[in-house]
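Make a model of the complete structure from these sequences and hints.
All residue numbers for the sequence shown refer to the working numbering, where the first residue is 772 and numbers rise by one.
The hints are simulated quantities; they were obtained by calculation from the structure and are not laboratory data. Hints may contain errors.
Unchecked claim - DEER-style ranges, computed between Cβ atoms:
id, residue 1, residue 2, range
1, G1099, Q1155, 21 to 27 Å
2, Q1291, Q1689, 22 to 28 Å
3, F1048, T1213, 30 to 36 Å
4, Q1291, D1529, 41 to 47 Å
5, R1634, K784, 51 to 57 Å
6, H1205, S964, 52 to 58 Å
7, S1162, P1135, 17 to 23 Å
8, E961, Q1686, 55 to 61 Å
9, H1329, E911, 43 to 49 Å
10, Q1319, D917, 37 to 43 Å
11, E961, P1135, 44 to 50 Å
12, Q1319, E1083, 50 to 56 Å
What the hints assert, rightly or not - Straight-line alpha carbon distances no greater than 25 Å define the calculated DSS-like cross-link-like pairs of lysine-lysine that follow:
id, residue 1, residue 2
13, K1154, K784
14, K1462, K1544
15, K1108, K1294
16, K1139, K1154
17, K1563, K1544
18, K883, K948
19, K774, K784
20, K921, K883
21, K1589, K1462
22, K784, K796
23, K1544, K1384
24, K1644, K1683
C-beta atoms are modelled at their ideal positions from N, C-alpha and C, and glycine is treated no differently.
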Amino acid sequence: MEKTFSPQDIETKWYQTWESNGYFKPSGDTSADPYSIMIPPPNVTGSLHMGHGFQEAIMDALIRYHRMLGNNTLWQVGTDHAGIATQMVVERLLGADGVSRHDLGREKFIEKVWEWKEESGGTITRQLRRLGASPDWSRERFTMDDGFYKAVQEVFIRLYRDGLIYRGKRLVNWDPKLHTAISDLEVISEEESGHLWHFKYPLSDGSGHLVVATTRPETMLGDTAVAVNPDDERYRHLIGKTITLPLTEREIPIIADNYVDMEFGTGCVKITPAHDFNDYDMGQRHSLPMINIFDHNAHLNSQVPEAYRGMERFEARKQIVADLDALGLLEKIDDHKLKVPRGDRSGVVIEPYLTDQWYVKTAPLAEKAIAAVEDGSIQFVPKQYENMYFSWMRDIQDWCISRQLWWGHRIPAWYDEEGNVYVGRSEEEVRAHHELGDIALTQDEDVLDTWFSSGLWTFGTLGWPDPTEFLKTFHPSSVLVTGFDIIFFWVARMIMMTLYFMDEVPFHTVYVHGLVRDSQGQKMSKSKGNVLDPIDLIDGIDLESLVQKRTAGMMVPHLREKIEKQTRKEFPDGISPYGTDALRYTYYSLASTGRDINFDVGRIEGFRNFCNKIWNAARYVLMNTEGQDCGQDGSTDYQLSLADRWIISRLQQAEKTVAEAVASYRFDLASQAIYEFIWNEYCDWYLELSKPVLWDDNADPALKKGTRRTLIRVLETTLRLAHPLMPFITEEIWQQIKTLAGAEGDTIMLQPYPQADDSHIDDAATADIEWLKKVIIGIRNIRGEMNIAPGKPLPIYFSNGSAEDQRRLEGNRQFLCKLANLDTIHWLNPGDEAPMSATALVGDTEILVPMAGLIDKDAELARLTKEVDKLQKELQRVQGKLSNEKFVGKAPADVVTKEREKLADMEAALGKLQQQQQAIAAL
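So, in structure tokens, the structure goes:
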């Protein structure tokens, strides 16, 4: 093995080996239990971000774990065609050449999109490979491939014929730039500074006016009522009367509705049912007319007075406010903070817009989907997310499934000249089925929402509607790994669709992970300049490239400067290459169920050190076992030492803990158990305990063989234990040691996963080694406190211990002398006089280290006096600060608390130093 661990030298090599040899494919063993996961399909336009990295790492750990358990595993991979995002990418590329999609026409434009997909659409799948993901790439699917298109068509047609899909005019989120309806998930609402305009609406009978407040003055041209709360005494007498809507001269009613908040604004609310979701519901309740005042560009249309027709909405806003002011109807304008909805792709303000769209009736589908979670057929982890699911599902609204795009699954519906609708797989099928002859038919221009196609993901990827063997074997899938933000948009819809078409659940468990945030708990976003790229953490990136990457495309100079300054401060040397294993292990260490994780680069550095620790341990093991008899031939002529029996026992406990943690999706606990076993027990203690045996020329050969056998076998088992979490380093080392450990096979990933064996748990050995560890730690602490050089041999005395302690001492003298660097060991009998000593306790046993002759008394006292003086001055400073009433009264509570904690720590440290002074002075 090389002296230092270099992940860049091994990761690409091993991934290519795994993939080219087909190790990621299902085993095909029909006698084995199937285990399957369907990857949440990332957008074909996407690139790997921290959330993806976290999610994919969890899925890969589960798949590798169950593959090693012997399950017939399938990790189904694929990407989503991402209608809006992909169309925008290709339109932008065409625009750079001065060409629009309309110049090309629909067919030619779609050809361009497919060309782009083939050439540039594989970024995220390449990055998944870099992360070590092990799905079956030979079965990679795309939501626009021929097989999936067949499934999408079949679902639409069946739902339509079953009366569950219809076309209707409803209010949707409309993107005026992209000219399409978008889902709630594609709308980002953030607080912005705006205004609240107060307008006078004159009563039609001339008896006065009402004052309404609005944040969107332009929509007043589409008002069809003014609403008040029926319990509002100020306006109760006006209910049923009308007002004359300014600028339009239309009379509209004053209605009563409990939705109106009497405390907000004036208590009078303008109602625009065609341009506000809450107003739409109120309009439905009161049978109000719906007046759509916008066209698809959000310009005012022919439904408004002629003076405003064709105006862009925000220009119209300025003109309407000015005109109302001129009429004396503008009462006041207040500054106002409001949530502004913007399209996540276009960035423009989204307009509630009344259009004809296709809808799925979801209430009938929701009943079974609710029952499946209620009866435990599907379980959420953590369980509290069931409440979120039930809340959405029990108040479910019909689902808008059409989008006004060209890229996507075109709706399989045709219209004749009278507007009659015919649904089928093709125009030929429609004509034949409905006996339409040669009358003119036009296909619907819209495409289906990408959530519609991805809702079929668990069964559509496995060949449905054809009854394939993969569908029979791997459906329902075992677990869905996802974020809470798409429980309704994707998870719930998959459950509804799958139950309807497959009459079974799509998955048995929904593991909901948290969001990945920065080290301060802030959401990662480009505008905050705190985004981390997983590939940069794996391969490293220099400072200038990182700055350029974080500020790319930022047009606002002060924001660009802020992020550049922040990046240079946070990463003055750029980002070091940490390797995939260190990144993955960092993810797992933070993966407690359901909680958001704060990602600190300092943690990944710690796990890179962990990789180095494993590497160096393996090198030590190889140096002491290569060319030696380690029992790999199955011979039994070896003897296990106390340390051997202890580490084997501790390995069983680690295996149990890991199995329990993975079963409960507590990857933080699994990674912690592996880390503690490898670092604290195997490396820090067992390797040290092996040296007195291996390096003693007079040691029993059977004992030496037992130690070599344990060294190599425990290491090999530990590599298999850790493999699902850190695949690359474990494969590399396993290949180096497998023969010595008596293991066979071409890859660690197809080896059996370690299973705890209670017969190897040795409580007596554990108790003895724990006693030994405490003694050694006690002696080391005395060395540190008394500033005694580690290389100076010590005489040690024991007193007050039990017969069991004496037995442990006699059985472990060799270990103690070697590991604690002892000269002599004496057990004091009752009545024996103990020398002046520094003391440590292990239970009732006293460990005594005589001070005489071990230290330079005068020099040590001088050193301690200097430390005491320094600490007393700092103590006085903190005491002064805390006795200052102004500081205690005005400083934040957490600052005062930290100062008090600092004071307590310094007082404790001072006490220890003074005790040492007294002990040394008495020598």
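The hints, checked one at a time:
no., hint, verdict
1, G1099 with Q1155: 21 to 27 Å, "violated (55 Å)"
2, Q1291 with Q1689: 22 to 28 Å, "violated (45 Å)"
3, F1048 with T1213: 30 to 36 Å, "holds (31 Å)"
4, Q1291 with D1529: 41 to 47 Å, "holds (45 Å)"
5, R1634 with K784: 51 to 57 Å, "holds (53 Å)"
6, H1205 with S964: 52 to 58 Å, "holds (56 Å)"
7, S1162 with P1135: 17 to 23 Å, "holds (19 Å)"
8, E961 with Q1686: 55 to 61 Å, "holds (58 Å)"
9, H1329 with E911: 43 to 49 Å, "holds (44 Å)"
10, Q1319 with D917: 37 to 43 Å, "holds (41 Å)"
11, E961 with P1135: 44 to 50 Å, "violated (36 Å)"
12, Q1319 with E1083: 50 to 56 Å, "violated (36 Å)"
13, K1154 with K784, "violated (41 Å)"
14, K1462 with K1544, "holds (15 Å)"
15, K1108 with K1294, "holds (21 Å)"
16, K1139 with K1154, "holds (19 Å)"
17, K1563 with K1544, "holds (20 Å)"
18, K883 with K948, "holds (21 Å)"
19, K774 with K784, "holds (19 Å)"
20, K921 with K883, "holds (22 Å)"
21, K1589 with K1462, "holds (8 Å)"
22, K784 with K796, "holds (19 Å)"
23, K1544 with K1384, "holds (20 Å)"
24, K1644 with K1683, "holds (16 Å)"
Going through the hint list in order, the structure does not satisfy hints 1, 2, 11, 12, 13.
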